[in-house]
Amino acid sequence: MNSKLIIVTVVIAIAVAFMAFISSQKVSSGTSTSETAVTSEESSIVDDQVNSISEEQLKAVSAEDPTFLSDMQSSIAADASIFYYE
Amino acid sequence: MKKIVVIALVAMVLTATIAFALPKPLQNNKDAFKTMLKDYLSPVLHGYGIGFNQDNYITAKWYITNIKILNRTEIKNVIQKAKSENVADWNTMLVRIKSDLDTNGMIAKKGRIRMEGKDYLLTKIQVSDTNATAEIREMPDWDACKQRNVSAEDCEIGSTKAGDFYLTKRTKPNQEISGEPRVWAGTLNFNNTAYTFVTLVYPR
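Chains as they are written, first to last, in this note's numbering: chain A, 4 to 89; chain B, 17 to 220.
In short, the hints are calculated from the structure, not lab data.
Any given hint might turn out to be false.
[Stated by the list, open to error] Computed footprint of chain B on chain A; a stretch qualifies when at least three of its residues, placed anywhere within it, have a C-beta under 8 Å from a C-beta of chain B:
(1) 57 to 63
(2) 66 to 73
(3) 76 to 88
From the three backbone atoms N, C-alpha and C, an ideal C-beta is built for every residue, glycine too.
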């Protein structure tokens, strides 16, 4: 009699644990979908912002200052060099 | 006789002192240091972008590089050691410093951003393959900092903050074309105004 009671108790415990597991999976899945939706929305907003500027406009910015890179290299080397003479 | 010997000795010491004293650096000496340090630049990223909001827009060109440098204490040590060994010209001094740079130099990240025709300093630079952040500061008075015995790093941090930017790469891996710039986007804060910032980035 006791052994039957133990078996029944174990089966019920397993069933409860299984139901809890299934339930948690549903909640987790729901959260994941929600997060994905938010991320997609944010991504879409950023993509809209990116698309509002054309590559031609950006390339025009680089073209307006052809010596920019060499200017910056010289500037950084010159500023650092000040500390080398005492 | 004694007077003549003393005068002769004083004259010899003075001559030796003048001969071995390191003169003040001339412009060509300073130019040689700048050229030498350019060899120690390792460019990281640069870009050309546009910041915009509902009311306004601003163009920005930016450049981030690694540079191998010595800290001030190390520079002073090299110069003092050279002086004690009677090095009396800046060409030899430059060779000594270059040698020390090769062995004891440390890598520092430096950056500049040009907006509305004016150059600003980038500090607290953090760069990865997909993100870049930096603070924007006014260019410091390096000579004044040196005279006050302030290090280059403290000089940078002490200059006035004008803004910052945060960028993430937007070009998807399957859209990347070898040799072509990537599009990065994020936010640019400058002079208390927030902009959406879109920029072409080379080379990543």
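Quick rundown of the hints versus the structure:
Against chain B, the stretch 57 to 63 of chain A contributes 4 residues with a C-beta closer than 8 Å to a partner C-beta. That satisfies the three-residue criterion, and the hint holds. Counting residues of the stretch 66 to 73 of chain A whose beta carbon lies closer than 8 Å to any beta carbon of chain B gives 4, which reaches the threshold of three, so the coverage claim holds. Against chain B, the stretch 76 to 88 of chain A contributes 13 residues with a C-beta closer than 8 Å to a partner C-beta. That satisfies the three-residue criterion, and the hint holds.
Every hint, counting from the list given before, is met by this structure.
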